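The sequence shown begins at 1 in UniProt numbering and counts up by one.
Honestly, the hints are just simulated from the structure, not real lab data.
Keep in mind the model is a prediction, meaning the values are calculated, not measured.
Even glycine gets a Cβ: it sits at the ideal position worked out from N, Cα and C.
A portion of the hints provided could be inaccurate.
[Said to hold, decoys possible] Label pairs and their computed distance ranges (CB to CB):
| id | residue 1 | residue 2 | range |
| --- | --- | --- | --- |
| 1 | GLU7 | THR98 | 34 to 44 Å |
| 2 | GLY75 | ALA149 | 34 to 44 Å |
| 3 | ARG23 | SER105 | 17 to 27 Å |
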Amino acid sequence: MGKGKKEMEKETLFEGKIFTLGRETIDGHAWEIIRHPGGVGVLVVREGKMLFVKQFRPAVNAVTLEIPAGKLEYGEDPLSCGMRELNEETGLECSSMTLLQKFWSTPGFCDETLYIYQAHDPKPAAVHLPPDPDEDIELVWMSLKDALAMAGRNEICDAKTLIALYLAVLQTHEIGR
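Use the sequences and the hints to build the structure in full.
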């Protein structure tokens, strides 16, 4: 198994609004790699219920149930992104957020890093930022038990949401935190 970083030859194949596709060659082996600025998801729990957003996702041609989340802009602080996305998608703000987990979504071909924060003391925002024009979101509050049951039936399939759900379980049972 190799150690550390290696020198790469880089070539851009496509540059879009959301990601860049490149061909990167290391030691004579070429890989197609997606470069993505990353994203932030926010775990919101209030009065024993977890907040989800229900929305249509064209990439999977399905309506999904997810935690509030959004894409980082290049160079943007993940915490600031989490605060903004919480407000835009839910109309809520919070006193602070704690980073629960940082992970790569699919490191085999993509460098996207996702950050899961927990919102503390969520309340209606004094000023509600407008949502993105292409977002049609419905808010869904659900007990952890019901959310876990939906995950068990494969009705919640979004990876960041599943990770946030399992982190909520760990917190509830005070395991590992």
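Hints versus structure:
Take GLU7 and THR98: their Cβ atoms lie about 37 Å apart, and the range 34 to 44 Å holds. Between GLY75 and ALA149, the C-beta spacing of about 40 Å keeps the proposed range 34 to 44 Å intact. Between ARG23 and SER105 the beta carbons are some 20 Å apart, a value that agrees with the proposed interval 17 to 27 Å.
Checked against the numbered hints above, the structure violates none of them.
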